[in-house]
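**Student:** Let the sequences and hints guide you as you build the complete structure.
Protein chains: 2
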Amino acid sequence: MNMKSPLTLLFTICTFLLYSSAELDGSLTYIWPLPSKSSSGNDTLSVDPELSLVVGGKGGDSSIIKDGFDRYKKIIFKHSGRSYPVNKRSVFDIGILKIAVLSDNEELQLGADESYLLLVEKRNGQSIIGEAYIEANTVYGALRGLETFSQLCAFDYETKTVKIYKAPWYIVDKPRFAYRGLLLDTSRHYLPINVIKQIIESMSYAKLNVLHWHIIDEQSFPLEVPSYPNLWKGSYTKWERYTVEDAYDIVNFAKMRGINVMAEVDIPGHAESWGAGYPDLWPSPSCREPLDVAKNFTFDVISGILTDLRKIFPFGLFHLGGDEVNTVTLNGSISDRLLELYIACEAMTHEMTGVPNDQLKSNTASPGHSLLIVVFYYMKKDLIKDGHIMVSMPANGNCQSSRLLDHNMTTKDAYQYFVLRAQEIAISKGWTPVNWEETFNTFASNLNPRTIVHNWLGGGVCAKAVAKGFRCIFSNQGFWYLDHLDVPWDGVYKAEPLEGINDTSMQELVIGGEVCMWAETADTSRMWSKREAISSGNITLTALPRLHYFRCLLNRRGVQAAPVTNDYARQPPTGPASCYEQ
Amino acid sequence: MNMKSPLTLLFTICTFLLYSSAELDGSLTYIWPLPSKSSSGNDTLSVDPELSLVVGGKGGDSSIIKDGFDRYKKIIFKHSGRSYPVNKRSVFDIGILKIAVLSDNEELQLGADESYLLLVEKRNGQSIIGEAYIEANTVYGALRGLETFSQLCAFDYETKTVKIYKAPWYIVDKPRFAYRGLLLDTSRHYLPINVIKQIIESMSYAKLNVLHWHIIDEQSFPLEVPSYPNLWKGSYTKWERYTVEDAYDIVNFAKMRGINVMAEVDIPGHAESWGAGYPDLWPSPSCREPLDVAKNFTFDVISGILTDLRKIFPFGLFHLGGDEVNTVTLNGSISDRLLELYIACEAMTHEMTGVPNDQLKSNTASPGHSLLIVVFYYMKKDLIKDGHIMVSMPANGNCQSSRLLDHNMTTKDAYQYFVLRAQEIAISKGWTPVNWEETFNTFASNLNPRTIVHNWLGGGVCAKAVAKGFRCIFSNQGFWYLDHLDVPWDGVYKAEPLEGINDTSMQELVIGGEVCMWAETADTSRMWSKREAISSGNITLTALPRLHYFRCLLNRRGVQAAPVTNDYARQPPTGPASCYEQ
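Residue numbers (full-length UniProt numbering), protein chains in the order written: chain A, 1 to 582; chain B, 1 to 582.
Note: identical chains are not told apart, hence a pair may lie in one copy or across any two.
Derived DSS-like pairs: lysine-lysine, alpha-carbon spacing no greater than 25 Å straight-line:
no.	residue 1	residue 2
1	Lys98	Lys166
2	Lys197	Lys73
3	Lys238	Lys160
4	Lys66	Lys78
5	Lys197	Lys74
For the record, the hints were derived by calculation from the structure and aren't laboratory data.
**Tutor:** In structure tokens:
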């Protein structure tokens, strides 16, 4: 039979995947993310289920170490095996894990030392170190070492004990990038505290270190702000809210896992929900976005929010948003003619769907988005990439413009004025401002030089930003927007924050990267490992089996990570199989 | 604009859902599943974060009560509020929860008494009961009462305390059906212990009481069987296994939540994986299913497995499978001509996809299934319903048939012989056998009268089974197969186990129902509540808001339950909104 439809091809591939089962080596030991330096041997060591902790160094007594050890002990000894009487414990090769933390400074900030040394070897009367040993400069480095140690431990179903294969292990490790983030958006959908904690816990498995909490947006304002107690009236319901105490709880939970929390207040273009509590923040009842730039009250509220948040969020970076502000200025090569076509498409789609124009373009989850893509596709194919519109927000009328004329401002003036004034407020509270790339794209030369530019629209932005001396975070939506479900795993894996940046001093200005939107962390730990260690060779042979293995590890720990190689992300598996093959 | 494409309609609906936001009453109190009898008032009571437990009755001292109380206390007081000094505790209306358990019998079996009484009222010097009081005959009834109590408690973001609205509450409750199950399949995909525990925990939120553990199937054999230690060589990998201790752990974890675990060993047609460890169980190396009926060794292995499992699983019911055995006998009205067409379709689909014939029909997740549906659709539309083929397995050659001739058996004889002999083994171990409906459909008059018939193929089977005196479990795949993602929530909700059964004594033979395959428990609690309380009126007005509310409750507790009204189940939401509206 000779059918060549895409359907047949798909089936052929699926069938191949279903039946290409290979026997896996039981002593296989994969570590994710890949450590900086590691060597292994051929010993197999058994680990005592009553593994005990011995601490040393100025920072060893920290509750962060003690709690971390208890957490990982539960993970390592998850399976119930036989129980052994205490006097039989000498049968195990590893009975003690020693952790030495050289510094007692527990401040968690960008650039905190996360390096560690991990040694695991057979007990030896002569050896001073012996058994299992983690050494780190800070408690956070020790936590990273604990994660790696837990990944060396495997439950052996034959003997029903935990084994470490391929010992002795000598691992010296540190991250490639200081900033390794995951964005959560709690405005478009409220995420319960428990869910946020589960995600933070899973971030620690991938050695991510920044939770970028996009708390507030135009759809809802879930956070309590004591200075302006009506603001959280903008929450979806009375139950979809975070108290100040909840926020402290999140920050503390994250700190115990070595994870910073960077809060975002996305202004002025994503703040419609603020007006539910304080309608004066809207330019007028019918014009609700951006925030009213012409009133001092607007900046009083921002200052009040930032004062309250400063007490909760000790992380030195604060995200001020600044994306997708509706001005008449366009970014890049879009022509007037094309703009007209785009506006016509958008209007038509809006009329058909009722979805607001700004959501149509940016939000792939909105019902009108696909239709807009289809309509626009026939107009200008080359501006659509992987199902996303690769242009900045077109002008379709900023409803403030007539009011702004009274103040001798254009909408673009107002945008710049707003962002710079908000930056000043953030800096006055001791924060380093982070802004989405449109601020850089639109008025780079006026931005505060401390600004960290947060890329999202596409490639090449960090190269431009660091060339002008700004620091940069890489989140190219073509690869690292987790709500873009059509990006294959290798696209996510290969995306490179330093692409096109060759000068070492400029490379250092790229502080890291961040995956945005959804809680799938498995594909993001590329930012820990060295570029040369992972970018050479055929990654289907080198990285993919290790990624499968890490997916299964996440599943075992209760994280519902989906199959890696699905054509469409987070879909259920296409048929029965081992998690090590899907 | 006048577009009437399905796409436009879809968008219109989505848009309606997005913008039909209604302000929800903060004192709203929905209970899921609906209690048997309840009355409420207009008081609002505050609950002390240091709520203490006072127990009474012969069974009050049980660790099941103590642990249950501790679990629910964490759920109820999840949000961090203000802390109150001990001497200020009198400000709270509810400081004590009294639980009286009349019996100290903790045996958990089908029909265990799960009834309870729950009273919550303002403290009153005259009242003997006072505050919050649960009374139950068994610890399991008390657990159900604790669940209901936890659903009355709501965190009030204004005062940052837990409140009970609409007090006083008087609830007298008991389940409509004794058997309220959820099937998990750990053969097609291994489920880690942690994930199974999460699902068991979430089952308790919906007052489900049987985890039907479909442990083994043709794809993999993950369970350790000490009598035949090579059996779990049929696991996908060395890591995708359950030790005997793991199984005990699951059973105990479930018991602490009042949930029975019914194990299934699906024979003879779903057991190919057994031969990985003992190839003699296969009729021949090229004919691996059904299990070899002609060897005593086959029944020795079954007996060994059942002996080992009997020690682990105290529940009186044991599932012997018996579905989809390939014989030449067909069930129902399918004609010879239609059968020929079906076989031709199946052969063609098999050739195109490489998927085995038996998977094509039954497994909607198999890549060939949709194609088979399409092909078959043009042959005989009326046998396709909601995307599923509603006929029993057609004959396409049982590979044992020529061997069976040597024993003067037809494939149908062999099927019956196998099932009945396995039933005898199970009964000899003190178990009540449960079998999938094909055994009843094929040789009802020879089935052991203790057999519980487990419906799955479609409607009307329980009516036939109880008419012949058998007990029955309802799992009509048209509604209660959770892997059939195209069934809307109201279809799931309205499906009725007693449909077509009017005689009361026959109704009593329907012990309950079960949802199969995936861990979405939110829609299944219909089996607790009385039929008349939920089947009258417009359920979109009565049940849907309560179901939304329960979905949000599950989310708050960390269960990743998806939006209720999606066209396709468990898809992400179509746009930003409150979880109370999606």
